[in-house]
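Residues 7 to 163 (the working numbering) are what the sequence shown spells out, left to right.
Derived from the structure by calculation, the hints contain no laboratory data.
All the given hints hold, so there is nothing to weed out.
DSBU-like, lysine-lysine: derived pairs with alpha carbons at most 30 Å apart: (1) K98 x K49; (2) K49 x K120; (3) K120 x K98; (4) K102 x K49; (5) K120 x K102; (6) K105 x K120; (7) K49 x K105.
Distance windows between CB atoms, simulated: (8) A15 x W141: 42 to 48 Å; (9) R163 x H129: 23 to 29 Å; (10) E84 x N139: 32 to 38 Å; (11) E112 x N155: 16 to 22 Å; (12) W123 x T25: 36 to 42 Å.
The C-beta atom is built at its ideal place from N, Cα and C for all residues, glycine as well.
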Amino acid sequence: MLAKLSGLAYYSIFIGMLTTFLIQLAQNGLVIEEMRSMARRVKVIIYGLFPTVYFTTAPCCHFTPSEEVDHGEEQLLEYPWWMIHDLRQAAKIAEKLSKYEDVRVELVSADSLKGIWLSLRYHLRGEPAVIINGWVFRGPYVDPDLVDNFVRGLLNR
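Start from the sequences and build out the full structure, keeping to the hints where you can.
Structure follows, in structure tokens:
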């Protein structure tokens, strides 16, 4: 009987401390806003085999071809046409998603360690894919408008 009372006492102390902590955080306004923003945050991974020049010259979040960084057209011509096509598709998708502030876009090459892990987890082969919060869109011709509509739907729910 004494053991049950002491367990109940510990439980009530824990609930009291947790309630006090949550009230203090709510008074600062941190809990509610952080929980809302975390619930709406969308992670987009663009997976494929991309030229390594985009990983060595800039961070992964700025991989879209631009005028500021000259990658050299002659260097890009050394890569196969399908790799350049996949890169341009990834750039179109990233450009569409850049207007949302709650979306984090990450470019992952298939030959990196994270790319190998993603291929095992989502059963990806050599084809490019877009992974949005665990949902996988496969194939080299993933429509950027489809991805944009899907992300907009996730943000609005």
